[in-house]
Amino acid sequence: MEILQGVWEVVRSIFSNSGYAYFFTDGGYKNLIMIFIAFFFMWLGIKKGYEPLLMIPIAFGMLLANLPGANLAVQYHDLQGFIDLLAGRLTDANGNVLTPGLMDFLYFGVKAGVYPPLIFLGIGAMTDFTSLIANPISFLLGAAAQLGIFIAYVIAIAMHYDPQQAGSIAIIGGADGPTAIFVTSKLAPEMLGAIAVAAYSYMALVPVIQPPIMKALTTKKERSVVMQTLRPVTKKEKIIFPITVTVIVTLLLPDAGVLVGMLMLGNLLKESGQTERIAKAAQNELMNIVTIMLGLSVGATTSAQTFWNVKTLGIIVLGLVAFACGTAGGVLFGKILYVITRGKINPLIGAAGVSAVPMAARVAQKEGQKENPSNFLLMHAMGPNVSGVIGSAVAAGVLLTLLK
Amino acid sequence: MEILQGVWEVVRSIFSNSGYAYFFTDGGYKNLIMIFIAFFFMWLGIKKGYEPLLMIPIAFGMLLANLPGANLAVQYHDLQGFIDLLAGRLTDANGNVLTPGLMDFLYFGVKAGVYPPLIFLGIGAMTDFTSLIANPISFLLGAAAQLGIFIAYVIAIAMHYDPQQAGSIAIIGGADGPTAIFVTSKLAPEMLGAIAVAAYSYMALVPVIQPPIMKALTTKKERSVVMQTLRPVTKKEKIIFPITVTVIVTLLLPDAGVLVGMLMLGNLLKESGQTERIAKAAQNELMNIVTIMLGLSVGATTSAQTFWNVKTLGIIVLGLVAFACGTAGGVLFGKILYVITRGKINPLIGAAGVSAVPMAARVAQKEGQKENPSNFLLMHAMGPNVSGVIGSAVAAGVLLTLLK
Amino acid sequence: MEILQGVWEVVRSIFSNSGYAYFFTDGGYKNLIMIFIAFFFMWLGIKKGYEPLLMIPIAFGMLLANLPGANLAVQYHDLQGFIDLLAGRLTDANGNVLTPGLMDFLYFGVKAGVYPPLIFLGIGAMTDFTSLIANPISFLLGAAAQLGIFIAYVIAIAMHYDPQQAGSIAIIGGADGPTAIFVTSKLAPEMLGAIAVAAYSYMALVPVIQPPIMKALTTKKERSVVMQTLRPVTKKEKIIFPITVTVIVTLLLPDAGVLVGMLMLGNLLKESGQTERIAKAAQNELMNIVTIMLGLSVGATTSAQTFWNVKTLGIIVLGLVAFACGTAGGVLFGKILYVITRGKINPLIGAAGVSAVPMAARVAQKEGQKENPSNFLLMHAMGPNVSGVIGSAVAAGVLLTLLK
Amino acid sequence: MNLSALLNTLDLVADSSPAFTSTVVISGPTIVLAVIAVLVIILVLFGRATRRAADAKNHLTQHEKDKRDGTINGKKPEKREFREPLPAAPQGVSPEIVAAISAAVYMLEGEGAVVTSIRPLRKNPISCRNPWAAAAIAENTKPF
Amino acid sequence: MNLSALLNTLDLVADSSPAFTSTVVISGPTIVLAVIAVLVIILVLFGRATRRAADAKNHLTQHEKDKRDGTINGKKPEKREFREPLPAAPQGVSPEIVAAISAAVYMLEGEGAVVTSIRPLRKNPISCRNPWAAAAIAENTKPF
Amino acid sequence: MNLSALLNTLDLVADSSPAFTSTVVISGPTIVLAVIAVLVIILVLFGRATRRAADAKNHLTQHEKDKRDGTINGKKPEKREFREPLPAAPQGVSPEIVAAISAAVYMLEGEGAVVTSIRPLRKNPISCRNPWAAAAIAENTKPF
Ligand code: NA
Ligand code: NA
Ligand code: NA
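Residue numbers (numbering that gives the first Met the number 0), protein chains in the order written: chain Z, 0 to 403; chain G, 0 to 403; chain H, 0 to 403; chain U, 0 to 143; chain W, 0 to 143; chain A, 0 to 143.
By construction, these hints were calculated from the structure, which means they are not laboratory data.
Computed from a predicted model, the values in this text were never measured in an experiment.
Treat each hint with caution, since some may be false.
Unchecked claim - In silico SDA-like links for lysine to any residue, alpha-carbon gap of 20 Å or less: (1) Z:K403 / W:D54; (2) G:K403 / Z:K237; (3) Z:K403 / W:P28; (4) Z:K237 / H:W42; (5) H:K46 / W:T49; (6) H:K235 / G:W42; (7) Z:K235 / W:P28; (8) G:K46 / H:T233; (9) H:K234 / A:P28; (10) G:K214 / G:V225; (11) Z:K403 / H:K235; (12) Z:K234 / W:L44; (13) H:K237 / G:K403; (14) H:K234 / H:S200; (15) H:K46 / Z:I242; (16) G:K214 / G:K403; (17) G:K235 / Z:W42; (18) H:K46 / W:A53; (19) G:K403 / U:G46.
As the list claims (entries may be wrong) - To list a few chain A residues with every Cβ distance to chain H over 10 Å, as calculated: (20) R51; (21) D54; (22) A55.
As the list claims (entries may be wrong) - Now the in silico label distances, taken between C-beta atoms and shown as ranges: (23) H:T90 / G:G94: 53 to 61 Å; (24) Z:V96 / G:V96: 45 to 53 Å; (25) Z:G27 / W:P17: 54 to 62 Å; (26) U:I41 / G:T218: 41 to 49 Å.
For each residue, glycine too, the CB sits at the ideal point set by N, CA and C.
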């Protein structure tokens, strides 16, 4: 009898206490909502092709984190919390000791600030700064396009976000995933999942968001400007460029050093011509592995309690504002340069300054070609485009310095 | 004089206190036995080709762990122990402070439960679930073949193993290396090396163990059944399959979530068609690196004291029982389906339900062809075969839930 | 007014408190010197091709570590220090709590002694020990070439280095980067950057340092010796070799076990013929990733205070002494073998015993061909060359045993 | 709420008692089968929904529909035009499948197999994106 | 000395006050622009130095020098000999660049583009050391 | 028992004293040589055992055996049939080895070398499973 009762209790308990039953408990519906949000982001990644390399792992991490009882959500917010979790010193609301799960270990690389710099290493090893070296003035466009970050910051403060949260939301305007994750993991880790998802979504939407703004702010004449051929760049210049940028930026703004430094190390490994073996490893093996772990663990930070509230809804609005203002900032500064250079700079390439490499540059190319089919702005737009990566790393340094 | 004496003492001490001398101390012979066991497993891996990708690293780890004084054995059994070891708070029997060695760091990924899910990620990215989607009924065969796990559990309890040890031994019947290592590292880490070696050995022996059981339990008529062509499977189904399985299994059995979830994420990365780059990384770079570290550190848990005792000998017997009963369970359930479907299911494919992908499916193919040379069961056997991977992950969830 | 004042203060503070200003503070010039040293080593790696795969990451790590305020220098020296840093228990000279930076996490793999053995794993998977197996006597040349290590040790002690520092400097004579880093990280972590840079520089200078010594110590007749064809080596011998070496060396000298063991595991993975997949991963993906992290974090240990002092200058002198004496030791032992074998051994191949694979072997080949254009010593020199790797790992074991 | 938390409230302590052991050995396979059975039901339902959606969308001819349903529902197709040229091909196995399987078997077992067509290999259900991944699948699915 | 340490001495606490917010929103873009402006100046100076060194070293003919300077200083080159065969090529854009960009655009956008020469692809400014790296660049520069 | 534990019992503290330094400098090379010497002895014995086993197994003709032993024991082979066609090949070096080494030297040094046969390259002692691994070996054995 005892046996049959035990079996019955076990089988019954499986079903009555499974995740399904949890959904009908107090607050359990939130997890269900999160699961459907995860499905939505998976659909965006798979069907719509929105930055699938990160969207799919993030969405899957979100799904796993919200399946009740699976212990696949990130359970700590700072390094001390990680140590406490390992040592069995963290408890949940009911006083049960928490045990560390897979996502807690994978998330360590985010919280420690290791994954984003390693991804920057890989991006650096894939980026060609030739256009920027040949035409340094386009560097300024990559700076101007960071304007959206600071506009979004003001609005976020007005919407009663903390300064740290406001800074994390604002950095979405940098149009740079690893930078956004790096800043948010330091300033407002509780918003990490939402901000990462918003950042990658808007980056995927660049071809939709940018063109109307670009057209609204420029005249037909400006958009028709055909730019001069870029000068050739020597190997020596390509080697000295990453070293110079690292030294100048890090000395002026130490908090931008880790992102800019790793980006430039990756580029140096590529351009030195002596270290192809490890440059390849940085842009392939290392980057792919880190991408999986970053995406999955960032997604796993979205427990139902932290993700689904009014503050998250604001991220969607503010992220769009940041993007749009960044585009406008780049285009407007492009117009200034158009005047200064007496029509030698096409303002459209300013929009590429938001980074989102290489999509924003392609958008500039496309818009330019609409006015003049034989106008090829792509190479000229690559300058602001890659400078946008550096620009948003610098903006990240400013935010970290002021808000940390 | 002092110098000469010093030199002499040093040289003499090298030899009188080297590992050789240790073998003649009290209990030192055990290490010597372990070294020969390691040679045996190396021979199995290299000469016999028994799952060499894991057998050789495991055997080498076993060798290193038992060379006295080299500090290449894993010295802790839980996460708190790892922290204590780092902090210099662990001592040996004589009160000397233990210093962490290479294997202690590599083993962290096992103890933290990180390596097996990462290997499952890679396996998922390599697995094609088409046969299973086309013929869902074959899923049940992968469940029935887990019967051996629970039969082995009863016998192990009868042989006076702890419930945790019994569960770890029983999971050998799942015919799935990472699952066995994951469960054992949680329930009975002191048996990890022995169970890993037994699991991989029996997986290599599938072509020897299964055929007699398959023949004994089936009639010639049953073995001659030619199965229907499988229906084509759409891309959409292939994408929805991993998501569905993750949700259903994890909600019902949260402890199976981490293994099933990572397996299905790997599969989704492959099937989405958008993330080939990271799917490849999961199945190649990441998997290879983790395989080396997993094998080596699992082998390094086999210190002479824990490995070589009567309890270990029982593993050999019980592992075989688990395998044989799993095969029988699959075949017998196949016979039930044969009756229910009025002869449309060949019971031989039930044996493939133990997993051991793809060898068990090949065995079913081979046995079927012996009766009818033009009978091609391979694709049909792949269904139970890959469902056996999911089945044993579910069984692992049950064991972890009940015994943890 | 408050706002304008705030902005002004911020902008002013950026410039007045940036790294530029720091250079003019007390001791700030040291960082500036270090930055120029980093440029020098980058130049050596990129322009001169001095072991660029490690020199460039080391030099870049050195640059980043000395950019003031960027928190990109390694801030701890032992494992306990790492835990304290994570837990927020480490403070700087002014009592401010230190926060862990990227380099602190990357350096953990050095301090834990994980990276060098993993690199040895990759080297083992790339090394062919055939020449050594065919001609075991050449093993002795790889031992004799370690003489320089111990001569450099005596001189270092005479120059008032600590025994631990002296041992770390001496190991430069082993001409083996990972070994030097492994020993130094255990004995004298404060010298790690300088010693790594010296070791790789002198390894790159092998073709300059060795030939004069080789000519000075040998007669024309000796250099003209044409050696016998090596016997063929069976696959079985190639498989048993790494296992034998592991067992013998580790039993005699347990502290050499981790380096020799991982080297030999890599070789076994290659020679077994069963594990090509993971042997490739060890020599490519894993090795490349570890190389980046090792180089970068070793470079980041060179903070201005520890690197640039008289003790560092001594490393340059002593490293050269160690190299030269090692070469001499190998050649002189080669002369002994020349006599014993009645002219069958060409003493030049003794110089290859310093390791620095395969450059030292090429130097021997080149010098031999100068006397006799049809003399091909390369394959014969590979024996001492690869035995030099084992020899310096053994020497490392001796130093760790005596000085740890 | 976690299952093990519940088990504690049930006084089901994991020990070597016959009671607990029986609980494990009876509830274990039951749960495994139940979980998998739920999956089977969902897959079957989903498969039907997919087909119905595909039918509605693709406006299949009745002939094609019959053929496909025949395969899925287990009814023998009445006629197969391409049956004659392949004498060994048994009922329900198309020559393309024979060829694909022959090739697969040959690759795996090294035994001789009659390959009637080289084309179906492109539709080989084992995804072979690149040779390295293919080698990986062949080599690495083995050990796990 | 760290900037945040200094900010503490300035009593600039990170809060939601208008004062601090204005500080952020004014000093933020200023600092970003200033840092980048310093880089621009250095790059411009360095570019000039490089050219001067190259001139001194290579003993360029005046003709070649004019041509190159024309491109860099933004002056229109008076004449381009190879201009005629490519009717669509606009002022300041050489046919090789057109071809290279056409190919790049075609690769990225899938739109038709007139490719006049296949040779310049070797000089494609996107470094394509191996096909895998090239695929990586095309595929992976997207998400970041 | 660990060596350093023993050293403590010997009162051999690691310091800068002449006594300890001499201990290090004398025992160090001695131990290294001794360890390697043990390896040499084992390798020599093992090599002989291997050959003896091979002889017993393969039933080598006396002629072949002499030839092989001649190579191993260091005695000059009296005659080499294939010696004439290669004038530069010195005593004890077969033309295949010359070719292999020439190729290796050429690869490493970039100097010209007469390659008499392309076949021995397949037996190149440097294992070249795939081009990437080969490149890795050439590139990466350098730094360590
Ligand atoms: Na940006
Ligand atoms: Na299984
Ligand atoms: Na050496």
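Against the structure, the hints come out as follows:
At most 20 Å may separate the alpha-carbon atoms for a hinted pair to count; K403 of chain Z and D54 of chain W exceed this at roughly 49 Å. For the hint linking K403 of chain G to K237 of chain Z, the alpha-carbon distance of about 58 Å lies beyond 20 Å, and the restraint is violated. This hinted pair checks out: K403 of chain Z and P28 of chain W have alpha carbons roughly 18 Å apart, not beyond 20 Å. Annotation: proposed proximity of K237 of chain Z to W42 of chain H holds, straight-line Cα distance about 14 Å (limit 20 Å).
Taken as a hint, the K46 of chain H and T49 of chain W pair is honoured in the structure, with Cα atoms around 17 Å apart against an allowance of 20 Å. This hinted pair checks out: K235 of chain H and W42 of chain G have alpha carbons roughly 11 Å apart, not beyond 20 Å. Restraint check: the Cα-Cα separation between K235 of chain Z and P28 of chain W comes to about 31 Å, which exceeds 20 Å; the hinted pair is violated. Distance restraint check for K46 of chain G and T233 of chain H: the Cα-Cα separation of roughly 14 Å lies within the 20 Å cut-off, and the hinted pair is therefore satisfied.
For the hint linking K234 of chain H to P28 of chain A, the alpha-carbon distance of about 32 Å lies beyond 20 Å, and the restraint is violated. At most 20 Å may separate the alpha-carbon atoms for a hinted pair to count; K214 of chain G and V225 of chain G meet this at roughly 17 Å. Simply put, K403 of chain Z and K235 of chain H have alpha-carbon atoms about 62 Å apart, too far for the 20 Å limit, and the pair is violated. Annotation: proposed proximity of K234 of chain Z to L44 of chain W holds, straight-line Cα distance about 17 Å (limit 20 Å).
Our distance criterion of 20 Å between C-alpha atoms is broken by K237 of chain H and K403 of chain G, whose separation comes to about 45 Å. The hinted pair formed by K234 of chain H and S200 of chain H fails the criterion: a straight-line CA distance of about 36 Å is larger than 20 Å. At most 20 Å may separate the alpha-carbon atoms for a hinted pair to count; K46 of chain H and I242 of chain Z meet this at roughly 14 Å. Note on K214 of chain G and K403 of chain G: the hinted pairing is violated, with a Cα-Cα distance of about 38 Å set against a maximum of 20 Å.
The straight-line distance between the Cα atoms of K235 of chain G and W42 of chain Z is roughly 11 Å, inside the 20 Å bound, and the hint therefore holds. In summary, the hint linking K46 of chain H to A53 of chain W is supported, as the alpha carbons are separated by about 18 Å, within the 20 Å threshold. Under the criterion of a C-alpha separation no larger than 20 Å, the hint pairing K403 of chain G with G46 of chain U is inconsistent with the structure, at around 37 Å. At roughly 13 Å, the least C-beta separation between R51 of chain A and chain H is larger than 10 Å, which holds for a residue marked as non-interface.
For D54 of chain A, the requirement that its beta carbon stay farther than 10 Å from each beta carbon of chain H is met, with the minimum near 12 Å. Non-interface call for A55 of chain A relative to chain H: holds, since the shortest CB-CB distance, roughly 14 Å, exceeds 10 Å. A hinted range of 53 to 61 Å is violated for the C-beta pair T90 of chain H and G94 of chain G, which are about 32 Å apart. Between V96 of chain Z and V96 of chain G the C-beta distance comes to about 28 Å, which lies outside the given range of 45 to 53 Å.
With their beta carbons about 42 Å apart, G27 of chain Z and P17 of chain W fall outside the hinted range of 54 to 62 Å. Between I41 of chain U and T218 of chain G the CB atoms are about 33 Å apart, so this pair departs from the stated range of 41 to 49 Å.
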